[in-house]
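**Q** In case you want the letters, here they are:
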Amino acid sequence: MHKLKPITPLGGDTPRVDTVGSITITEVVDQALASVAARNDQAGAVQKALADKIGLSLPEVGQSSQAAPYAALWMGPEQWMVMAPHDSHELLAAELKQIVADTASVSEQTDGWCRFDVQGAGLCDLFERLSNAPVRTMGSGTAIRTTAEHLGVFLWRLAEDHMAVLGPRSSAASLHHGLLAAAKSIA
Amino acid sequence: MRFSALRLFKEALTGHKGWGPQWRDPEPADAYDYVIVGGGGHGLATAYYLAKEFGAARIAVLEKGWIGGGNVGRNTTIIRSNYLLDGNEPFYEFSLKLWENLEQDFNYNAMVSQRGILNLVHTDAQRDAARRRGNAMILNGSDAELLDTDGVRAMYPFLNFDDARFPIKGGLLHRRGGTVRHDAVAWGYARGADMRGVDIIQNCEVTGFRIENGKVLGVETTRGFIGAKKVGVSVAGSSSRVMEKAGMRLPIESHVLQAFVSEGLKPFIDGVITYGAGHFYCSQSDKGGLVFGGDIDMYNTYAQRGNLPVVEDVIESGMALIPALGRARLLRSWGGIMDMSMDGSPFIDKTHIDGLYFNGGWCYGGFKATPASGYCFAHLLKTDRPHETATAYRLDRFMTGHMIDEKGQGAQPNLH
Amino acid sequence: MTQSNRLNGGLINRDASLSFTFDGKSYQGYEGDTLASALLANGVRLMGRSFKYHRPRGPLTAGSEEPNALVELRSGGRQEPNTRATVAELYDGLSANSQNRWPSLERDFMAINDRFSNFLTAGFYYKTFMWPKAFWEKLYEPIIRKAAGLGSLTGEDDPDHYDKGFLHCDLLIIGAGPTGLAAALTAGRAGAQVILADEDFRMGGRLIAETGALADISGADWVDQALAELASMNNVRVMPRTTVFGAYDHGIYGAVERNADHLIAPEADKPRQTLWRIYSKRALIATGAIERPIAFENNDRPGILLAGAVRSYANRWAATPAQSVVVFANNDDAHQTARDLMAQGIKVPAIVDTRPDAADVEGIEVLKGAEIINTSGRLGLTSVQVRTEKGYTTDLYCEALAMSGGWNPNLGLTCHQRGRPVWSADIHAFVPGEGLPVGQIVAGAAKGEMSTEAALQGGAAAAVAALGDLGITASPVDLPAAADAPVSISPFWHVKGAKRAWLDYQNDVTVKDVKLAHQENFTSVEHLKRYTTLGMATDQGKTSNVGALAVMAELTGKSIRDTGTTIFRPPYTPVAMGAFGGRAVGKDFHPTRLTPSHKWAEEQGAVFVEVGNWLRAQWFPRKGETHWRQSVDREVLQTRNSVGVCDVTTLGKIDVQGADAAAFLNMVYSNAFAKLPVGKVRYGLMLREDGIAYDDGTTARFAEDHFVVTTTTANAVLVYRNMEFVRQCLCPDMDVQLISTTEAWAQYAVAGPNSRKLLQKIVDPDFDISNEAFPFMGCGEITVCGGLRARLFRISFSGELAYEIAVPTRYGDGLMRALMEAGEEFDVVPYGTEALGVMRIEKGHATGNELNGTTTALNLGMARMVSAKKDCIGNVLSRREGLNTPDALALVGLKPVDTNETVTAGGHLMNATGPVDAAHDQGYVTSAAYSPILESSIGLGFVKGGSDRMGEKLRLVNPLESQEVMVEIVSAHFLDPEGEKLRA
Amino acid sequence: MIINHPLLGPRDAQEFTYLGDASLLNRPDWQAEDAAEAFHDYLYLRDNPAGEHRELWYHEQGDRSWLVVTRNTLTHEILKVELARDVAKAAGKAAQ
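Protein chains in written order, with the numbering used here: chain A, 2 to 188; chain B, 6 to 421; chain C, 27 to 1010; chain D, 79 to 174.
Source of the hints: derived by calculation from the structure; they are not laboratory data.
Treat the hints with care, since some could be wrong.
Said to hold, decoys possible - Computed list of lysine-lysine pairs in BS3-like fashion (alpha-carbon distance at most 25 Å, straight line):
#  : chain 1 : residue 1 : chain 2 : residue 2
1  : B       : K271      : C       : K51
2  : D       : K171      : C       : K896
3  : B       : K57       : B       : K271
4  : B       : K355      : B       : K250
5  : C       : K525      : B       : K15
6  : B       : K102      : C       : K159
7  : B       : K102      : C       : K164
8  : B       : K22       : C       : K896
9  : C       : K625      : B       : K15
10 : B       : K69       : C       : K584
11 : C       : K78       : B       : K271
12 : A       : K4        : C       : K625
13 : A       : K4        : C       : K51
14 : B       : K271      : C       : K296
15 : B       : K22       : C       : K584
16 : A       : K6        : C       : K525
17 : B       : K22       : C       : K541
18 : C       : K896      : D       : K158
19 : C       : K296      : A       : K4
20 : B       : K69       : B       : K234
21 : C       : K296      : A       : K185
22 : B       : K57       : C       : K159
23 : B       : K15       : C       : K896
Claimed, not checked - Covered stretches of chain D, as calculated for chain B (at least 3 residues, CB under 8 Å):
#  : segment
24 : 91-101
25 : 159-171
Ideal Cβ placement from N, Cα and C applies to all residues, glycine included.
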């Protein structure tokens, strides 16, 4: 095992948790990410390979799918973001490349992103202050790539009262600040 | 009738009965020597200078609606000659000199007010660029001063110096820049041209050009055919539409630039301030409204209105620069259609059609150019040679590779 | 002071007494009051001064269209100029001051303008102030500017927060009067997603201002019931204090909600206001109507109000402007004002009705066919002079006048996409015409249907129709019976023969000004407005435009229809700029991007600099260093002499994969990549399609089908966008996939003669990074620090033996610490962007200062990089004649002849002798720095034909800073021109 | 404005970056005899109609698709939205 110590996107040794009123904002770091983009005319083959090997069926447009411990978000035409716990799948990109071989291009995305999980009853009030996504009608499992606070993000609705926000890691502090400010505003 | 304080005094005592129309509404004649299409600032200035400076006669200005209703009636009123490139700066300096004598020249108080323009810089690279520009201005006979942060603070202490995302590192000050009462420019030129015999014909839309054997013979209008020896088109905002009638495609796209004014406030901003880290520039009118603008709406449009994202972007920038603006209120926003050219610079040129001349592509910078544009276009129409300050404004410059690209954005009109 | 003009009843909470001050004087009001209603209740009619003549003014209206009663509310950073007292909700501790007067509202020095009104006619300033020439800017204009504006900003920062947000709905209903409420009930019960917004803090519109609008129930009671039902529906969002100010494309509306303007200050962390962007499928304009005044001599005195406003004050706010009120009207509606006042015990000496056939009103004298020809009272009305139908004049003593010239549909939002209202001869007003924004419908008084019955039924029907379009079935709901009937009106605009009769109150535009405009040929509506300033005040002509148009129509002999109209533009009413700014103020103006070593650099005391949104370490001051140059010189020297480390994560990184990846790169870069071996890096130059240099960077090939491209920091997003354009739009059949990996990897430059030795301590022993095994321009995937995956590139921006090493970002902090620890024995130094800049100038590498969007490969000395053997973006147009002249600019190095002198970026270059002017310009300096190695200031610059002018001396001129320096043209590669160090 | 993305449905135009006339898809042959003029016309002389306009938008804050949007420049009404890659592929096939 190598000897370099990781830090969280917010610069801490441990993930940060904030509670404001009914809202809890949690920094999530145990997450490995890899993009999978089908090579020309290979979308079917990619889907089959992942379904066969790890049971993950890649999601439709604007949706997510899960096959524990894996999950995937739709990113763009024939392109998906696959995720798994970092502790157990740090080398996710390599693992997936093994599976899809030449049917897809795979890129490590793990540390390109930060993730904050926002939970609580006032979820919609909070997100309608941050994003133009129609949060009140977003069903569980929906994943929308849009902007929040001038940042490009994924909004991933995990449950009625649970939204994951994936944003650019370098701007984690700005994104977190925006989430906190909105939480305080509606508290 | 000459305008003066004495005249005003006399009229005030006699019930203002002596004032007549500031320009006539003549019926169009069958033919003219010069037909100027477009009764905006540039078209009216062209007619005025043709008559006054170049001794031309038999001139008509044809306006589709009412004069001064185009961009001269809907801009943010700034005049300046703070350009970088050789193709531009002499022209704008010529324009500024014409502004400086305009009121006496056309006997109309257009309120030319040289209270200074300050372009803020926020990075070392911006300061280097400002220095290069300032030097180019001085080398072209204009004026420029490079201020440091304290120099800026002394002028405008309410700017955000202490909590800024992009700190103010200084600014390029152009003291002879300023503002003008924009509508009065159109009216002053119209009155001056009218007094010299120019027929200003409102509600007369040009619907086509009569061209035979590569030569223009006149224009078809909603008020009938009007013959002309030379036709000058000066319809920025509608250039593509009008020139299409002569079968021409132009290196121009139409975009809307929104402009804004706040409620009237007691004096707050003396000169013009331009933010260097966001899309925002602002001045305060003589009536007290903060007049400001920023970026264009990015899409092609001919609708004279914009959308909310740009409004927010501009005012966010304004708030970032001047936090005290929060309590002022936006009173009105409007949009003007810009001829956005492929390098951000205009055209004053002959076309391939004999007797047809084109003036356009002013992007969002046409107002300040009004006097020089009119003068140079008149020069071209009369002499068939470009004025010495406008030689670079050729239509074929993209073919030859002689772009005049101040911003260095290339063939992307909405970025200029 | 007692509330001498407070009446009985009303919708105020008499249990909640509120204290407030106006011009320093204390008063009491009640919860539910506006500032204007409370002042009127306290017997105060004088609230402001007009703009030009400084005429004393009181409120004209009871709503947001108010032109007169404008005050400065609050103080310090919260001071709000031009706040309409008629909509300012009263709160305990409110403090307001009058404005545009000196020294006091009662005694205003500038009221002298009123005496000179003969001189200050419309457009007078265009005709004078021209002589002598210098006087305009030195004397006249400063005086005019000093008189500008009404209220003032303090210049202090606004301390409040503003939120922004986004809402979605099927039906947006704007206005919660009878029309809007009926529509909301209909749509709400049908299950549609509904937003009901109203600018007022209390919903109900005219229903809460009238006594007898409904037959069987009081208007206020029915409103309460309706609102209670709407509040119980999950699908309905009721938004009082919310002004929908603009109609934008595709059903998007802008709205501002005033969250805390009724409080003395917002709670901590809570917004003052929220700017909402509302995405609606349909929008119903139910904004009612605005009453218009009649122009007559001195029709602007405090105490002269619109008749509907007087009713609102009496019925809703239990306040009257005076104990004795005359009514002047051309319609029946105003008669109700008289009846309502009488019911409250207010004296109504007479109704002056311009119609000879006006109806009678029980208990009040109606002077039919009569006109008011003048008024008296300097600071407040004392009497009106009436001319009867038979021509007699008589004075009526009264302290208030309720006037009505009829009602105009409040149709501002229908014009925001340049829809033009049309004249209705039925109601003598403009009604919405063609060209409504898509999805917008209008009902009730806003549509010109001027009765409560029509409002209720029209609102419900509009909701049914709108939802029907969306496939939602709505059924008619039970609505209360209305008691009023359409009113009779006979057009009457102004009393003839008046000397000064106001049309636009705030801007002091009178009937005479319109006449003068006509005389001078400013007859088109747009000319009229611009010449007289009509409709340009804070009320945007809501009460004045139509009247002025009618006067112009009379003068031209045309009908109003043929005279034209003006359209309204957003915003509907003025909106605080803070609301548009939202949270993006101060340090939060833009998001901040932090590099992986940021935390560590902070600990080192680094000075940071903004680079786009990034914050980068600019230099790392050490103890004893008092000037930045000391730090930067040290960083450069130590790197060049031993080893330095710099965080270069900000460079864009793009993963390019796929079978056609190499062919793709051949297309986007001017030089060829197809033959780049795996495990190698190549420098690439990217052009725009117009042949101008766009971006540059290195590209590493990790596999046959896998490249990692780096871009400049500034262009990372643009290059990615451009690559996607080429991939999707120009080469759609290529098998290539792109993704940005900029943030995924922490990347550090390790530079200097000891860089290899340092890295060898970090890189795991399985990997040989000796010069032979890992030569210049090599790259590879390795592990470091005991097994962490990493990427290593042997590339150099500094000109030294150098590497860039990348690890997953979360380990970036750890890697920096490890490098520093391992480098201790070499006296490793972290260096910032300044030292980076110095070293690249010493090496002659171009950056943004040189790739400034106007320079070509030829200018940059890289003409050979534009391959003639293959297509690429920019290839063809780069060959245009104007870009390839013999004297084209060429990038050169510049050195001062006297090394004590400084090369200044932004300086221009002139020949050693001859004139100094633009015509003789030889070029300019793009970048400059002090080179501690060369112990001289040096620079890079573009010089005409520069590559053939080595050794020539030029004058660097910088007139801006009075500088002139003799410089020598040298190679841009000041250091190690052969690149021996790189390859060592 | 709202752009009805062919995959994602209605999205605020603010998420997109605008490029311009969709004829930028039709890049000329660099080896053609008249390449200089063809590229000049391609890059600089674009359609600028008052009316229906086919134009390129990029979903920068979304799925990174380039779209061909047919929009009326007088009313801003959007008549059609297509994936640019599909349009380009079809054009390529048609040219073959």
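**Q** It remains to establish, for every hint, whether it holds in the given structure.
**A** Checked hints:
Taking the CA atoms of K271 (chain B) and K51 (chain C), the gap is about 24 Å. The hint holds against a cut of 25 Å. Taking the CA atoms of K171 (chain D) and K896 (chain C), the gap is near 22 Å; set against the 25 Å cutoff, the hint holds. Taking the CA atoms of K57 (chain B) and K271 (chain B), the gap is about 40 Å. The hint is violated against a cut of 25 Å. A hinted pair counts as satisfied when its Cα atoms are at most 25 Å apart, and K355 (chain B) with K250 (chain B) qualifies at roughly 16 Å.
Taken as a hint, the K525 (chain C) and K15 (chain B) pair is honoured in the structure, with Cα atoms around 18 Å apart against an allowance of 25 Å. For a cut-off of 25 Å, the pair hint linking K102 (chain B) to K159 (chain C) stands: about 14 Å separates their Cα positions. About 18 Å separates the Cα atoms of K102 (chain B) and K164 (chain C), which keeps this hinted pair within 25 Å; it holds. For the given pair, K22 (chain B) sits about 77 Å from K896 (chain C) by alpha-carbon distance, which is inconsistent with the 25 Å threshold.
Of the pairs offered as hints, the one joining K625 (chain C) and K15 (chain B) is violated, with about 76 Å between alpha carbons and a cut-off of 25 Å exceeded. The suggested pairing of K69 (chain B) with K584 (chain C) holds, with an alpha-carbon distance near 21 Å, which does not exceed 25 Å. For the given pair, K78 (chain C) sits about 13 Å from K271 (chain B) by alpha-carbon distance, which is consistent with the 25 Å threshold. Taking the CA atoms of K4 (chain A) and K625 (chain C), the gap is near 19 Å; set against the 25 Å cutoff, the hint holds.
Proposed proximity of K4 (chain A) and K51 (chain C) is contradicted: the alpha carbons are some 73 Å apart, above 25 Å. Between the alpha carbons of K271 (chain B) and K296 (chain C) the distance comes to roughly 30 Å, so the proposed pair goes past 25 Å and is violated. For the proposed pair K22 (chain B) and K584 (chain C), the alpha carbon gap of about 22 Å is at most 25 Å, so the pair holds. Pair hint K6 (chain A) plus K525 (chain C) does not hold up; C-alpha atoms about 86 Å apart against a cutoff of 25 Å.
Under the criterion of a C-alpha separation no larger than 25 Å, the hint pairing K22 (chain B) with K541 (chain C) is consistent with the structure, at around 10 Å. This hinted pair does not check out: K896 (chain C) and K158 (chain D) have alpha carbons roughly 36 Å apart, beyond 25 Å. Between the alpha carbons of K296 (chain C) and K4 (chain A) the distance comes to roughly 45 Å, so the proposed pair goes past 25 Å and is violated. Between the alpha carbons of K69 (chain B) and K234 (chain B) the distance comes to roughly 20 Å, so the proposed pair stays at or under 25 Å and holds.
With a C-alpha separation of about 7 Å, the suggested pair K296 (chain C) and K185 (chain A) falls inside the 25 Å cut-off, and the hint holds. Proximity of K57 (chain B) to K159 (chain C) is assessed by CA-CA distance (about 21 Å); at most 25 Å being required, the pair is judged to hold. Note on K15 (chain B) and K896 (chain C): the hinted pairing is violated, with a Cα-Cα distance of about 79 Å set against a maximum of 25 Å. Counting residues of the segment 91-101 of chain D whose CB lies closer than 8 Å to any CB of chain B gives 7, which reaches the minimum of 3, so the coverage claim holds.
Using a Cβ-Cβ cut-off of 8 Å, 0 residues of the segment 159-171 of chain D lie near chain B, which falls short of the minimum of three, so the contact claim is violated.
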